[in-house]
Amino acid sequence: MVKKDEEDEDDEESGESWWVLKVGSKVRVKVGIEVQLKSFGDQFRVDFVSDGVWAMKFFTEEDYKEFLTKFQNCLFENTYGFESTDANKLKVYGKDFIGWANPETADDSMWEDAEDSFLKSPGSVTPARATQDLREEFEEAAENGGAIQSLALGALDNSFLVSNSGIQVVRNFSHGIHGKGVYVNFGGGSNTVHSTPKKALLMRAETNMLLMSPVTDGKPHTTGLHQLDIETGKIVTEWKFGKDGTDITMRDITNDNKGAQMDPSGSTFLGLDDNRLCRWDMRDRNGIVQDLAAASAPVLNWAQGHQFSRGTNFQCFATTGDGSIVVGSLDGKIRLYSISSMRQAKTAFPGLGSPVTHVDVTFDGKWILGTTDTYLILICSLFTDKDGKTKTGFSGRMGNRISAPRLLKLTPLDSHMAGVNNKFRGARFSWVTENGKQERHLVATVGKFSVIWNFQQVKDGSHECYQNQVGLKSCYCYKIVLKDDSIVDSCFMHEKFAISDSPEAPLVVATPMKVSSFSISSRR
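Take 1 as the starting number for the sequence shown in UniProt numbering and just add one per residue.
In case anyone wonders, no lab produced these hints; they're calculated from the structure. Only a predicted model underlies this, so the values are computations on that prediction, with no experimental measurement involved. Glycine residues also receive a C-beta, built at the ideal position from the N, C-alpha and C atoms. Hints are supplied without guarantee of correctness; some may be wrong.
Think about it this way: if two alpha-carbon atoms lie no more than 25 Å apart in a straight line, the pair counts; the simulated DSS-like pairs of lysine-lysine are [claimed, not checked]:
| hint | residue 1 | residue 2 |
| --- | --- | --- |
| 1 | LYS95 | LYS391 |
| 2 | LYS91 | LYS30 |
| 3 | LYS91 | LYS70 |
| 4 | LYS437 | LYS448 |
| 5 | LYS70 | LYS95 |
| 6 | LYS180 | LYS496 |
| 7 | LYS459 | LYS483 |
| 8 | LYS514 | LYS448 |
| 9 | LYS65 | LYS26 |
| 10 | LYS333 | LYS95 |
| 11 | LYS333 | LYS479 |
| 12 | LYS459 | LYS423 |
| 13 | LYS95 | LYS496 |
| 14 | LYS198 | LYS514 |
| 15 | LYS437 | LYS423 |
| 16 | LYS437 | LYS483 |
| 17 | LYS496 | LYS423 |
| 18 | LYS437 | LYS89 |
| 19 | LYS91 | LYS180 |
| 20 | LYS57 | LYS91 |
| 21 | LYS346 | LYS91 |
| 22 | LYS437 | LYS459 |
| 23 | LYS333 | LYS423 |
| 24 | LYS234 | LYS198 |
Have a look at the derived ranges for each label pair, beta carbon to beta carbon [stated by the list, open to error]:
| hint | residue 1 | residue 2 | range |
| --- | --- | --- | --- |
| 25 | LYS30 | GLY245 | 48 to 54 Å |
| 26 | ASN313 | ASN421 | 19 to 25 Å |
| 27 | SER486 | GLN304 | 34 to 40 Å |
| 28 | ASN144 | ASP263 | 27 to 33 Å |
| 29 | MET513 | LYS95 | 29 to 35 Å |
| 30 | GLU104 | ASP485 | 41 to 47 Å |
| 31 | GLU464 | VAL23 | 25 to 31 Å |
Working from the sequences, and respecting the hints, build out all of it.
Below you can see the structure in the form of structure tokens.
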């Protein structure tokens, strides 16, 4: 039973009211995405989380459908602050995205076209299937007693485990990453890294690494970064972020495009702050590489970008194979920028009420994956222009025939097992850097779980998960890798490390003191 919560004295004082799900004396929980409601149309049943996992069964289909409609309406009102009417949905989503509010009427043809193209693509002779096994191949302990903070996977010979004291170099193999016994301490060189790097970015054919350390604990912003020469093991310079003679901050950095870290001559990278999107150049304005030995703290050259005057609240970003940019925001919006302009987004997808904390995009720019605390959102950026050509939302305005997104969620039981304080982090596609190759899996981290979805299965509109669902289609078919400790990061190695009997490159899963590699093999 759904009821408005206006009788609490505390609520009267704050002037707030919201909808709650109330079942007898046992259940009383605010209607929200955190309830993780999952419907079973064939059983007239819903499962949800509220200090445990509950199943609620209805006697008739009519009661079941009435409950789901009421729940969706209350969820909308609790999320956006006003009643779930067509006019208000138009206000929230905009006329171009009304299919997001009414998924049953949305145009899903682009998802279906994508399924066809996947089967025709090179390398799809061994299509990814649900009957795949994960097998642990290697396990490496963190060296020098430093807890692993992040992974920096290479596409060439080596990958890197970044800890608070240095970097452990590991070798890339077709079955995963394996130790070389090489450790680079941050103490080398004249400049040292004063706090634990939260971001490590490989550059210049993976011989250099940019390290970002936050100025204040608990906040990602930083005023500069350290450049590490991996071959010598020394910090060669400490760069500062500046524009027009003024120091500025950045909250994230990323490569110019999906394969940029393999470019031996690369000298530019992208930067993101709450209201800034830009490209930084490590060369000076005359095109000459700065004399690092003479410069005490050289300032990076702001080569391209825009400072937004109003609160965009950017949180995260990623690039496609051609350098187009996708940016996620605190309000849940996901914006697409072409390679030619950082000033005006070509497309801005509306938020679903939850902040986007991480974002990824396929090499071809056709698919975008956003991470929120309680679900992942998968967006198809394809559309047909007025001339009948198929394009992505990075290259033009998508018009009004926009597909509804799909959500990837944990079941209520797995969500409860993951723990109330554990949130989805860092969802990404498998790693492709070549035209014509297709990403085959998605992976995300939540608590001690590394969760893997089969990409083609998620795209398949006839998939069993999607039958009899109300609202946005949600996929619950995944595999879980369970570790003994909280997982720092999970990501797939470059697709070139996939062996002949496997549809995918190995998955690397890092906890603070260990890193494990898993191969995916198809059952015969």
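The hints, checked one at a time:
1. LYS95 <-> LYS391: Satisfied, since the Cα-Cα distance of roughly 20 Å is no more than 25 Å.
2. LYS91 <-> LYS30: Answer holds: LYS91 to LYS30 is near 24 Å, not above 25 Å.
3. LYS91 <-> LYS70: 20 Å, holds
4. LYS437 <-> LYS448: Roughly 31 Å separates the two Cα atoms, so the pair is violated.
5. LYS70 <-> LYS95: This hinted pair holds, its Cα atoms lying about 23 Å apart.
6. LYS180 <-> LYS496: 20 Å, holds
7. LYS459 <-> LYS483: Distance ~28 Å between LYS459 and LYS483 Cα, so the pair is violated.
8. LYS514 <-> LYS448: 13 Å, holds
9. LYS65 <-> LYS26: 23 Å, holds
10. LYS333 <-> LYS95: Roughly 16 Å separates the two Cα atoms, so the pair holds.
11. LYS333 <-> LYS479: 28 Å, violated
12. LYS459 <-> LYS423: 24 Å, holds
13. LYS95 <-> LYS496: Violated - the C-alpha atoms of LYS496 and LYS95 are around 42 Å apart, more than 25 Å.
14. LYS198 <-> LYS514: Between LYS198 and LYS514 the Cα gap is close to 18 Å, so the pair holds against 25 Å.
15. LYS437 <-> LYS423: Given pair LYS437, LYS423 is violated - Cα atoms ~31 Å apart, limit 25 Å.
16. LYS437 <-> LYS483: 31 Å, violated
17. LYS496 <-> LYS423: 31 Å, violated
18. LYS437 <-> LYS89: 38 Å, violated
19. LYS91 <-> LYS180: Status violated; Cα separation ~56 Å.
20. LYS57 <-> LYS91: 34 Å, violated
21. LYS346 <-> LYS91: The hint holds at about 20 Å.
22. LYS437 <-> LYS459: 17 Å, holds
23. LYS333 <-> LYS423: 19 Å, holds
24. LYS234 <-> LYS198: Satisfied, since the Cα-Cα distance of roughly 18 Å is no more than 25 Å.
25. LYS30 <-> GLY245: 48 to 54 Å: 49 Å, holds
26. ASN313 <-> ASN421: 19 to 25 Å: Taking Cβ atoms as reference, ASN313 and ASN421 lie about 23 Å apart, which means the hint holds.
27. SER486 <-> GLN304: 34 to 40 Å: 38 Å, holds
28. ASN144 <-> ASP263: 27 to 33 Å: 31 Å, holds
29. MET513 <-> LYS95: 29 to 35 Å: 52 Å, violated
30. GLU104 <-> ASP485: 41 to 47 Å: 42 Å, holds
31. GLU464 <-> VAL23: 25 to 31 Å: Given range 25 to 31 Å: holds, Cβ gap about 28 Å.
Hint compliance for this structure: hints 4, 7, 11, 13, 15, 16, 17, 18, 19, 20 and 29 are broken, all remaining hints hold.
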